[in-house]
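Residue numbers (this note's numbering), protein chains in the order written: chain A, 1 to 141; chain B, 1001 to 1115.
Note that these hints are calculated values from the structure, not bench results. All residues carry an ideal CB built from backbone N, CA and C; glycine is no exception. Among these hints, one or two may not hold up.
Cβ pair distances, simulated, as ranges [to be verified]:
#1 E1005(B) x V137(A): 39 to 45 Å
#2 G125(A) x E1086(B): 39 to 45 Å
#3 G1104(B) x P95(A): 25 to 31 Å
Partner residues are not named here, just some residues of chain B that face chain A (Cβ under 10 Å, in silico) [unchecked claim]:
#4 H1027
#5 M1034
#6 S1035
#7 L1038
#8 N1045
#9 M1055
#10 E1065
#11 V1077
#12 E1080
#13 K1082
#14 E1086
#15 E1087
Calculated cross-link-like contacts (lysine to aspartate or glutamate; reagent style DMTMM-like; alpha-carbon spacing at most 25 Å) [as the list claims (entries may be wrong)]:
#16 K88(A) x E117(A)
#17 K1041(B) x D81(A)
#18 K1082(B) x D11(A)
#19 K1082(B) x E66(A)
#20 K1002(B) x D1019(B)
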Amino acid sequence: MNFEYQVEGGDFSHAGSTSSAVKRIMKQLGVDPAIVKRTVVALYEAEVNIVAHAYRGVISVDLDEERIRIVLDDEGPGIPDIGKAMQKGYSTASPAVREMGFGAGMGLPNMQSNMDELKVDSVVGKGTRVEMTNYFVPKNG
Amino acid sequence: MKREEFLRLIKGKVVSGADCEEQDVEHVFASDLMSDVLTIKNADNLLLITGLCNMQTIRTCEMAEVKVVLFVRGKKVTEEMKELAEENEMLLIETDYSMYRCSGILYQAGLPPLY
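Please take these sequences and the hints and turn them into a complete structure.
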């Protein structure tokens, strides 16, 4: 199953609507609630990142019986130092983003702790691609 | 702790979800930082106390499975927030008391912190 969602940068009133839709679909399909929660928490952090930092983005969801794979592609300023961005407490968020309760430098580390696989690629001045996967059954067993 | 009891203690007014399923509160987390709320592993029977009153508060609680939210210092929940909360069967409460005061009262009444 494939789904695609458009996300607008700066549109805080709709930030989270994609995560909400994905949560609904996963619940309807009967995915383990603990995996649903981990996935949508990570997705929501990633979705807020697009709204907070990018001009626009596309979220593609690929779901089958074994796993959910989500790719977030955005057009935006990119991340100059991904290593730094992965560190807890590092943030370049604007005051507006902080007013929304984000921007404490916890997003990427929290995404990592909730997904089985997370890959972040970025080109400064162009945009960022986040690929993340959760498996419904343990990969090794 | 029963809903009626903590509402009485913190002089809370239910503004959304009055008819959603009764749920006892067993522990409390207080934060204005939604990223912090998103790190909560188990939000069963959790009460969130917050001064952050916007759509992202409700979205965050939707993702983190937080079902009871107390807004402090007279913050007013908007209609848009109420709609989203209703879809997710959340109980939203407003109080004029501060975060510190609510935390102190509920702690003293025996509700333990999450961490």
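Each hint, compared with the structure:
Taken as a hint, the range 39 to 45 Å holds for the pair E1005(B) and V137(A), whose Cβ atoms sit roughly 42 Å apart. As the Cβ distance of G125(A) to E1086(B) is approximately 43 Å, the hint placing it in 39 to 45 Å holds. A C-beta distance of roughly 30 Å is found between G1104(B) and P95(A), which places it inside the suggested range of 25 to 31 Å. The beta carbon of H1027(B) is not positioned within 10 Å of any beta carbon in chain A (closest approach about 17 Å), and the interface hint is therefore violated.
Interface restraint check: M1034(B) against chain A, minimum CB-CB distance 3 Å, threshold 10 Å, status holds. Given the 10 Å rule on beta carbons, the hint for S1035(B) holds: about 4 Å separates it from the nearest Cβ of chain A. Evaluation of the L1038(B) hint against chain A yields a held restraint, the C-beta minimum of about 5 Å falling below 10 Å. At a threshold of 10 Å, the smallest CB-CB gap from N1045(B) to chain A is about 15 Å, leaving the interface hint violated.
Evaluation of the M1055(B) hint against chain A yields a held restraint, the C-beta minimum of about 6 Å falling below 10 Å. Because the closest C-beta pair between E1065(B) and chain A is about 6 Å apart, less than 10 Å, the hint holds. With a cut of 10 Å, the hint placing V1077(B) at the interface with chain A is violated, because the nearest CB-to-CB distance is about 15 Å. At about 7 Å, the closest approach between the beta carbon of E1080(B) and any beta carbon in chain A falls short of 10 Å, and the interface hint on this residue holds.
This hint is violated: K1082(B) has a C-beta 14 Å from the nearest C-beta of chain A, more than the 10 Å allowed. At a threshold of 10 Å, the smallest CB-CB gap from E1086(B) to chain A is about 14 Å, leaving the interface hint violated. For E1087(B), the interface hint holds, since its Cβ comes within 10 Å of a Cβ in chain A; the closest pair sits about 9 Å apart. This hinted pair checks out: K88(A) and E117(A) have alpha carbons roughly 18 Å apart, not beyond 25 Å.
A C-alpha spacing of about 29 Å is found between K1041(B) and D81(A), which places the hinted pair above 25 Å, so the restraint is violated. A threshold of 25 Å between alpha carbons decides the hint, and for K1082(B) with D11(A) the separation of about 19 Å falls inside it, so the pair holds. Taking the CA atoms of K1082(B) and E66(A), the gap is near 36 Å; set against the 25 Å cutoff, the hint is violated. A C-alpha spacing of about 15 Å is found between K1002(B) and D1019(B), which places the hinted pair at or below 25 Å, so the restraint holds.
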